[in-house]
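Enquirer: Once you have looked at the hints, place chain A on chain S.
Line order of the protein sequences matches chains S and A. Taken in order, the first sequence gives residues 1 to 409; the numbers are from my numbering. Taken in order, the second sequence gives residues 1 to 409; the numbers are from my numbering.
Treat the hints as calculated values from the structure; they're not laboratory data. Careful: at least some of the hints might be erroneous.
Unchecked claim - DSS-like, lysine-lysine: derived pairs with alpha carbons at most 27 Å apart: (1) S:Lys126 - S:Lys27; (2) S:Lys87 - A:Lys87; (3) A:Lys188 - A:Lys366; (4) S:Lys110 - A:Lys188.
Claimed, not checked - To list a few chain S residues with every Cβ distance to chain A over 10 Å, as calculated: (5) Ser230; (6) Arg268; (7) Asp305.
Note that CB positions come from ideal geometry on N, CA and C, so glycine has one too.
Now for the letters of each chain:
2 protein chains.
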Amino acid sequence: MALIVQKYGGTSVGSVERIENVARRVKQHRDRGDDVVVVVSAMSGETNRLIALANAISDTPSAREMDVLVSTGEQVTIALLCIALQKIGCNARSYTGAQVHILTDSAHSKARIMDIDHARVCADIKAGRVVVVAGFQGVDEAGDITTLGRGGSDTTAVAMAAALKADECQIFTDVDGVYTTDPRVEPKARKLDRITFEEMLEMASLGSKVLQIRSVEFAGKYNVPLRVLSSFEDGGEGTLITLEEEHVEAAKIAGIAFNRDEAKLTIRGVPDQPGVAYKILGPVGEANVEVDMIVQNVANDGTTDFTFTVNRSDYRKALDILNKTAAELGAREVVGDAKIVKISLVGVGMRSHAGIASKMFAALSKEGINILMISTSEIKISVVVDEKYLELGVRALHDAFELAEESVA
Amino acid sequence: MALIVQKYGGTSVGSVERIENVARRVKQHRDRGDDVVVVVSAMSGETNRLIALANAISDTPSAREMDVLVSTGEQVTIALLCIALQKIGCNARSYTGAQVHILTDSAHSKARIMDIDHARVCADIKAGRVVVVAGFQGVDEAGDITTLGRGGSDTTAVAMAAALKADECQIFTDVDGVYTTDPRVEPKARKLDRITFEEMLEMASLGSKVLQIRSVEFAGKYNVPLRVLSSFEDGGEGTLITLEEEHVEAAKIAGIAFNRDEAKLTIRGVPDQPGVAYKILGPVGEANVEVDMIVQNVANDGTTDFTFTVNRSDYRKALDILNKTAAELGAREVVGDAKIVKISLVGVGMRSHAGIASKMFAALSKEGINILMISTSEIKISVVVDEKYLELGVRALHDAFELAEESVA
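Pulled out of the complex, with its shape left as it was, chain S reads as follows:
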């Protein structure tokens, strides 16, 4: 008999029929003897409908009132799910974020969970009830409704699991797990049985948008076993996200992430002096442009070349800023390229296995793919290449590291 927190996203509860499916799935767990706490999102489309109503009135609605407005979306779902559970003989009770005291800071629309008062939930579990909690929302010290931002229901689920010391937090979604890479790019992509929190963070932040990053951080911090499952297919085991110790050495590489939304900017011939990096990146950051990869090379003539990548939507803005900086610093020229992508190899196995970078470069070179930038971290190697090589590059690496195989030799 385990205590399980399950989270169902907007698509999984997108209609009355789907809500009834979720109820049946929850009941299966109950019938097996498990205690279940369910966290749900708003029915798909509902949050957008509410935002459209507000935007029909004002382009700049207050964040406090937007939270009051959009939090009704999950409140509708919790009531409907309880009604569906009760109909099939499953005792259930719903709670809004405020009712279960999901205490957050007051940063409306992007609040952070500070504490959960789980006394009432525990009492319900003890009484044999399924507890259904509205995801995505909380309440601040003043009693005002807050929301955690899009995808925040994942975080609610993980926080509930941590507070209740649940045996597992299951995130039901429209995919059946985490893959070695995007199956739309590499049809041979394989579903992973396990992945570490760190690897998942790298995979998620690089574009595998299965889970909200913050929820993975949270799960890692509180060591909540997290499982990604399909809400549309029965019987799958999904992918379990755990601490490293449990499966270290199982594979050198977990998967290949990529990001199509990159653009790269280079400032050439900058007189090399202390503080030059700050002088270049300072104005960019002040303009709220996030910088991803950074590479600097010093030339022999006392100047330096400095290259960084930004989100493609910020490319023009960054270019304008950089041109001004170049003039101030007396740099030779500024060049940019918005037609690039980033491909990353992710895996905790890198820590203990040498030669992964050279194997990666060899695989790309064999296909004639020119590497424009390289950046490495402890469990990730990222390269920037021309966008036309994205699919070819991902497939070449997937083959080279034998990710399609059931197990790595």
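Expert: Leaving out everything else, chain A in the frame of chain S:
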């Protein structure tokens, strides 16, 4: 500078444009220097949409979860109204029933307000904010969401006005006030400037569905001046509902109410003995059939005739019960008539003016209208007549009591 509580119903906030109209109207009051607390209902159609979702899952959804579900309707409106107010430069803040601690009992879907913690609202008023409160909803001791039943937003408004000791509670609706009778029946019907709480109760319970009865009782109990106004026409004064003292003698008759949904049943030749009324009405009440008028006549032969009216939808059910009772009691016969209506003359002036009943009977007799039953209370005389006489009867009484005139001689 007055403190005014305004309530806008579902039709008045039925679209984004109408919500913006409400915001403009509230701002006019603010600009005049008044403090304003606004109570709003769900946008028209929204409550029904939510109920339909629940009913698509279950015919018997739990009352607790239904309250969680439908209370989202008002929550959407309060947020949108605040956004609209802020857009036109009016500082505003929204509160759900739970946030403003509208404490009720735990009778889900028909809860009664027990207390309001108005500290937060007072602080906002002091800070120059318009406070927007979700009508129709509250919270019980356990922290569960409750609703007051349909039309409960009126009660919320009156309760807020009572708690805040507001100068006036204004109910904005789709009519511009309370009329001497239904203008669809008597085109000469006149809008009343004033009416007493007691008269309004009689008018409301008899079918003038302008205000929820409970809100009028509440206003009377706490002596909250209540005004009914149109939310679609500017500048009208509406109808003020006040304590009797303020306008006693102003008019003998406030208006004429009527009810088309009546049916009448008679049991004849019942052996007259103590407790016979209970023996007849007991089984009717046990079947949850509400009895309205009751008339009993004792004949000379030691038997009695007993007549009562019920809602027309309960007619068949009541007839079946009465037939059984008649057999048990050895009564002569049971007769019924579902084609009757009730017409009532309402006015506190009756207390001090004799001859009103006879004037009423004379007016009806002059038109050849046969009176089937009569029932009187302190401020009301009701007659039952054949339904074909409804319009004729209402107009005859409206003329006889000169209700169309600006003032009664």
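Enquirer: Are lysine 87 of chain S and lysine 87 of chain A close enough, with their CA atoms no more than 27 Å apart?
Expert: Not satisfied, since the Cα-Cα distance of roughly 44 Å exceeds 27 Å.
Enquirer: Verify that the Cβ of arginine 268 of chain S lies farther than 10 Å from every Cβ atom of chain A, and report whether the claim holds or is violated.
Expert: 49 Å, holds
Enquirer: Would the hint linking lysine 126 of chain S and lysine 27 of chain S be met if the CA-CA limit is 27 Å?
Expert: The given pair, whose Cα atoms are some 16 Å apart, holds under the 27 Å limit.
Enquirer: Should the label of serine 230 of chain S as a non-interface residue stand, given a Cβ cut-off of 10 Å to chain A?
Expert: The claim stands: serine 230 of chain S keeps its Cβ more than 10 Å from every Cβ of chain A (closest is about 23 Å).
Enquirer: Checking a non-interface call: every C-beta of chain A should be farther than 10 Å from the C-beta of aspartate 305 of chain S. Is that right?
Expert: 50 Å, holds
Enquirer: Under the criterion that the straight-line Cα-Cα distance not exceed 27 Å, is the pair lysine 110 of chain S, lysine 188 of chain A satisfied?
Expert: 59 Å, violated
Enquirer: Are the Cα positions of lysine 188 of chain A and lysine 366 of chain A separated by 27 Å at most?
Expert: 20 Å, holds
Hints 2, 4, counting from the list given before, are not met by this structure.
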